[in-house]
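Given the sequences, and given the hints that come with them, work out the whole structure.
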Amino acid sequence: MGGPRGLTLAIVSLILIGIAVAGYLTYVHYADIDPVCAGGSGGCHTVQASDYAELVGIPVATIGLGGYIALAISLLIPGELGRAAGMALALIGAGFSLYLTYLELFVINAICQWCVASAVIMVLLAILTTLRMLRGPAPPEQTADTAGA
Amino acid sequence: MASREEQKRKLREQREAAEKAAAHTAELRKRTAYLAAGVGLIALIVVVSLVLVSQSGDDDKKVETTDVFAGIPQKDITLGDPDAPVTVIEFADLQCPFCRDFAVHDLPGIVKKYVKPGDVKMELRLLAFIGPDSSTGREVAAGAAEQSLIWPFAENVYNNQGTENSGYMTTEFLREQAEAVPGLDAQRALDAAGSPFAQKYADESDSEAQKQGVSSTPSFAVTPEGGETKVVDADGLSGAIDDAIAQAKD
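First to last, the protein sequences are chains A and B.
Here my numbering is used: the first residue of the first sequence is 1, the next is one more, and so on.
Here my numbering is used: the first residue of the second sequence is 1, the next is one more, and so on.
None of these hints come from the bench; they were simulated from the model.
Note that the structure is predicted; figures quoted are calculated from it, not measured.
Heads up, the beta-carbon is just placed ideally off N, CA and C, and yes, glycines get one too.
Be careful, since some hints might not be right.
Anything over 10 angstroms on all C-beta distances counts as not near chain A; from chain B, calculated [claimed, not checked]: (1) Leu11; (2) Asn159; (3) Asp185.
Just so you have them, the derived chain B footprint on chain A, three or more residues with Cβ under 8 angstroms [claimed, not checked]: (4) 85-91; (5) 95-105; (6) 121-134.
This is the structure:
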């Protein structure tokens, strides 16, 4: 976790979990069923059925899924551009997720555990991708000459 | 002597190279920090834009009231010919967005195809599972049912539906919806809130929902004359009505 490789590994793991969560929420949206939630699906149903479950006609879960996939693609872009793109996507995702969590708590008055899980993942990704950006590229491998200097 | 000079030169070169590398690293760090700040700013602008788009969607949800129920008999909570061979009880919540979608997009077609020709009569049983605003709306809806105009009243509420439990379902809001229903005494409907009639409507609706095993809205209990009741969701409604009509004709 401390080195660049550990950081990337943690980011990849979180993206995979995020894809699973957002993918499930996208599936239940289009299958028109309630997500499985601990303690009954009342909160999840209310959130999924609310006006805020869609943005310009696109389910928020699908937008989230797209965000995680875009984050995964950004990891494949080498150099500063890839790191900046990853950080931007994660910050946007985290910011919007926090707004959605605010809506759940204070406007919709219902909590969807899957949405909260996705918000936590996005916030963690925002932190890790920012760290990755600030740390810059991985230091070059030490050669015999530099090691001895 | 030459070797000492050479050593000194080498050391100086090494020091200069180290200073150059340190300056380069500092420059890189500074540049990265600026870039990260820029990325953060862009992200903030995008998030604010998304929030604004999300909020602005509220205005698009208000649609014009339609004339779906014109010329169709209404009695208490029933819409359609009282002798229709098939009865459909709709279980809905005035705050439920799916119920709104059904009322706005599907109900006009169902009314035109099945209720107007006299094949189906529909009853509206409002539930209040979403929150306090649902109860407030249901009580005034009971007042509209007392005047046999619950269907157009509910339609007006759906057409102007706000965000769940945001407190939009005020007396003023409900008065506006009631006043927009031709023939409905809005004040009388509002006065029904808290009345024994409103309580009776609420109790009967809740107990009917329980009896039919309804766990989500909108749900529909479709019963052919002399036949068995089938509970379906909005997607299954047309099929269930077709089956019930065929069964009633047998």
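We went through each hint and held it up to the structure:
Distance to chain A confirms Leu11(B) as a non-interface residue, since its nearest Cβ pair spans about 12 angstroms, more than 10 angstroms. Listed as outside the interface, Asn159(B) is consistent with that label: its C-beta sits roughly 14 angstroms from the nearest C-beta of chain A, beyond the 10 angstroms cut-off. For Asp185(B), the condition that its CB be more than 10 angstroms from all CB atoms of chain A holds, with the nearest at approximately 31 angstroms. Counting residues of the region 85-91 of chain A whose beta-carbon sits less than 8 angstroms from any beta-carbon of chain B gives 3, enough to reach three: the coverage restraint holds.
Given as covered by chain B, the region 95-105 of chain A passes the check, having 3 residues with a CB less than 8 angstroms from a CB of that chain where 3 are the minimum. Counting residues of the region 121-134 of chain A whose C-beta lies closer than 8 angstroms to any C-beta of chain B gives 3; at least three are required, and the coverage claim holds.
Checked against the numbered hints above, the structure violates none of them.
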